[in-house]
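Asker: Work the whole structure out from these sequences, hints included.
Note that numbering that gives the first Met the number 0 has the sequence shown beginning at 0, numbered continuously upward.
Keep in mind that the hints are not guaranteed to be accurate.
Stated by the list, open to error - Derived lysine-lysine pairs resembling DSS-like cross-links, with alpha carbons at most 27 Å apart:
#	residue 1	residue 2
1	K632	K614
2	K533	K513
3	K507	K457
4	K632	K646
5	K106	K457
6	K646	K628
7	K533	K507
8	K301	K324
9	K533	K646
10	K626	K614
11	K614	K628
Note that these hints are calculated values from the structure, not bench results.
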Amino acid sequence: MTVLAAWLVVGAILLFGLTLHRTLVLWLNRGVHPPVRDGTDLLLSGILPGLALVGGLATALGAVHLLRTEVVLFLAAIFMIWRRNDVLEIFIDLRNLAVMGGRATAKGNPFPLLAAAAFVGLAMVMSVTALFPAATADVWAFQIPLAQSIVSHGGFVTPQIDSNFYGNIPLFFNVLFACSLLFVDHWLGPGLLNAAIYLGFLLLLTSCAHRWRAAGLLLVFFLIAFQPFFTPGATVPLTDLPRSCFSVAAVLYLWRYLETFRPSEIVSCALVLGGAVGGKYTELQMVGLIGLALLPSIYRGKLSFSLFLTCLAAFLSLAGYWYAKNLILLGNPIYPFIFGHPGLSDQWMAEYTLDLGRAFDPENRVFVTDLTTRQGWHDFFFIMHDWFLDRRRYAIVALILIIGGLIASFTRIFVLVAMAAAMFVTWYAVINHIRWATPAYLLYFSTAYIGASLIVEKVAASRAAQPGGPIFEMAARVRVGQRTINGHLFAFAVVLVAIVIFCLPAVKFIYRPKGQPYSWMEQGVMDVLIGRQKLDDFLGAQREGYIVYRYIAANDLRTVFQPFDTGSTLYAAAYTGGRDMGWLLPPYMFPESEEDVNAFIRRSNIRYFIRVTEKRELLADRIGAAKFKLAEKTISRMLPESTLLLKDGFGSELYRFDGFSPQ
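Answerer: In structure tokens:
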């Protein structure tokens, strides 16, 4: 039921955003004929700029502490009633999309049915995987607490959480997370909102093709959704994938503008770019890249001054608040970088800057990132091949499509290729971790899809100009064969073949469960999907501490001493809906000395504790040998007068401390 409630909230947010976007598009394109390509294009391409507008309005409300349920509902109701015709048009476009797909299928075109099945199937799989609490501590340490803080304050405070660094960085996506938490107080809301952003990006990319949108969606799924780099993190409430989707969407809207010169396209570009920059400082690079790409249009006078001001206003309305706030309150618009870091020590900042400026993995620090040297470029191309191309069939297919697109129409795709290359170069120059390359890699595959659409257009134009040739003759024979067979039968056969090809790994897995049928699934997820394993059993086997922390929460045990897991309070909250009810003692609390153990136990009111029997050397290294020794001393003092309650498969034991025996 929580999944259904979360999807209903996300669906309402999407409907509100689509209505805002449609209103804006029709206003911007007045006098342009036609104002939009068609209703389907407006529907497919409107999700991300619609969410950007929702985030912008929520930011404005949060700035004056009015981001509250009753205020949001009142304003949304007023707007939807005022724009009820636009709301009706959205549902009409949805109906028309379904009708067109049904008619195409009835005529023997199987691709709409396949595309719909793939889209719905992916959404369903995401709905299931969203139930799995994230194993990343950042979700529970920063992202969810930030969104919860925005909800509890009805807006923004400084700092937003108890962290001078994370409490003052741009929070656009946390504001969107907060919009879902207003109505469903569960981390599923932010997770499914992230999934909606990801699916919205896939639809936007599909809409960029002038032909074969249904078949195009299948190609998008092959290039992006069905590979392990992007989809596994789509429902995790982190900001890396959504800001990457917004950032690359800005480039796609730029490309659409250069294709059509419709005002709405470049304003939509400014909106999603503002969302990306309002979500992370690193996306400021996109402002420079998009500005460079627009220089020719500005020089030729195709981008009017009034339209430029409109774009600037749209961009600043989403990104400007965070930078203005930091400038006014902290004296640094990009706090804590370059201009100063009040509240953070020079030593902390120096260490953090050092971490940012070198590879996250020590093994990768041998690579030269200075691109003014020959060795730097050698290592750059090695990394591009080894990390992004080697043994990756999706990436090889994408490279072929990009080269084909350059051959088919160099001028139309060059801007995308150049921006993807510039993003990879910028990433490598400050190489840290492969996940930081997500926007560049996503643009790479998006460029491949645009290349495929340009190849199709080139082939169609060549066929119209010169009907002959072996390729066209073969295509004509296929069409004759299709007409010979009943249209329904042909569509059914193609769908059946596609389902068999896609589902064959799953069928084999059911009868011979070994390994994982799909590379983009976490190990064990397929067992949950087919009902072979319960979700709780899966999480208990895959998530360290899950069984123990769930037991603690279910029985409301207080106060638990868990000194060996530095993220214990975060994970305990994660496995129980995202809320920390104070079950565990904070992991940084230890006795001051061995003589202080008894007093520490009494003043901390310890009634339960967790003992570990495995990975002791690793834990000692993680928390420090001195603290590990004190923790062991504390537990050994309580152990003789304690009762074992629970064991898990990761070497953790939960005990109830029955109190010191009277002396």
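Asker: Does each hint fit the structure? Answer for all of them.
Answerer: Hints, one by one, checked against the model:
Between the alpha carbons of K632 and K614 the distance comes to roughly 18 Å, so the proposed pair stays at or under 27 Å and holds. Annotation: proposed proximity of K533 to K513 holds, straight-line Cα distance about 18 Å (limit 27 Å). Between K507 and K457 the alpha-carbon distance is near 40 Å, which puts this suggested pair outside the 27 Å criterion. For the hint pairing K632 with K646, the CA-to-CA distance comes to about 21 Å; that is within 27 Å, so the pair holds.
Note on K106 and K457: the hinted pairing holds, with a Cα-Cα distance of about 25 Å set against a maximum of 27 Å. The hinted pair formed by K646 and K628 meets the criterion: a straight-line CA distance of about 22 Å does not exceed 27 Å. Between the alpha carbons of K533 and K507 the distance comes to roughly 20 Å, so the proposed pair stays at or under 27 Å and holds. Distance check on the hinted pair: K301 and K324 sit about 34 Å apart at the alpha-carbon level, beyond 27 Å; violated.
Distance restraint check for K533 and K646: the Cα-Cα separation of roughly 19 Å lies within the 27 Å cut-off, and the hinted pair is therefore satisfied. For the given pair, K626 sits about 16 Å from K614 by alpha-carbon distance, which is consistent with the 27 Å threshold. Taking the CA atoms of K614 and K628, the gap is near 15 Å; set against the 27 Å cutoff, the hint holds.
Hint violations for this structure: numbers 3, 8, all remaining hints satisfied.
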